[in-house]
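A.B. asks: So the sequences go chain by chain: A and B.
Under this note's numbering, the letters of the first sequence match residues 1 to 87, in that order.
Under this note's numbering, the letters of the second sequence match residues 88 to 174, in that order.
Worth flagging that the hints you see were computed from the coordinates, not collected in a lab.
We put the CB at the ideal spot given by N, CA and C, even for glycine.
Among the hints, a few may not be true.
Claimed, not checked - Label pairs and their in silico Cβ distance ranges:
| # | chain 1 | residue 1 | chain 2 | residue 2 | range |
| --- | --- | --- | --- | --- | --- |
| 1 | B | Asn159 | A | Asn72 | 36 to 44 Å |
| 2 | B | Glu126 | A | Ala35 | 32 to 40 Å |
| 3 | B | Lys99 | A | Lys38 | 33 to 41 Å |
| 4 | B | Lys114 | A | His73 | 23 to 31 Å |
| 5 | B | Ser173 | A | Met1 | 28 to 36 Å |
| 6 | B | Ser103 | A | Pro76 | 22 to 30 Å |
| 7 | B | Pro169 | A | Ser81 | 32 to 40 Å |
| 8 | A | Cys85 | B | Cys162 | 36 to 44 Å |
Here is what each chain is made of, one letter per residue.
Number of protein chains: 2
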Amino acid sequence: MMTRLYFDRDSKRGISGTYNWLVDEVKELGDALNATNKEELEEEFADVIAWLASLANVTGVDLEAAAIAKYNHKCPKCGRSPCKCSL
Amino acid sequence: MMTRLYFDRDSKRGISGTYNWLVDEVKELGDALNATNKEELEEEFADVIAWLASLANVTGVDLEAAAIAKYNHKCPKCGRSPCKCSL
């Protein structure tokens, strides 16, 4: 969906510009963690995952496949589910 | 899946600690954008979405529902698909 909606704009903006937007959205999410408005918090989560998907698209990475490859129903560090690593 | 794997650890670490981890992973993703190793880049994307999911879990946000609520097959700003906003 993000490819269809935004790939043209994302590819024109490029990798660095898209990464910088992602960083800004992560900061906004951090600010929203202290907000009392749940809807605002949900919107900031939506923005971060959207910009992460945009960045994956412009770098040619399949975000879902990458996530499943590393976190495939077990912790990649300890190999357990649930994870038993120390905090 | 992230709830099953990590919710116990994530909830013990708390919202601020989990957010700080997310920020660190976003920095590592930024470094990996300059790497030539595609597999390393994919792993960093996996880590960012994993920590974003962890943060969503400890704040009680459904990440997928939040994303779909805002980006529901059209740009939330211009209402078009593909997006026609200016860059």
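A.B. asks: Sort out which numbered hints this structure fails and list those numbers smallest first.
C.D. replies: Numbers 1, 3, 5, in rising order.
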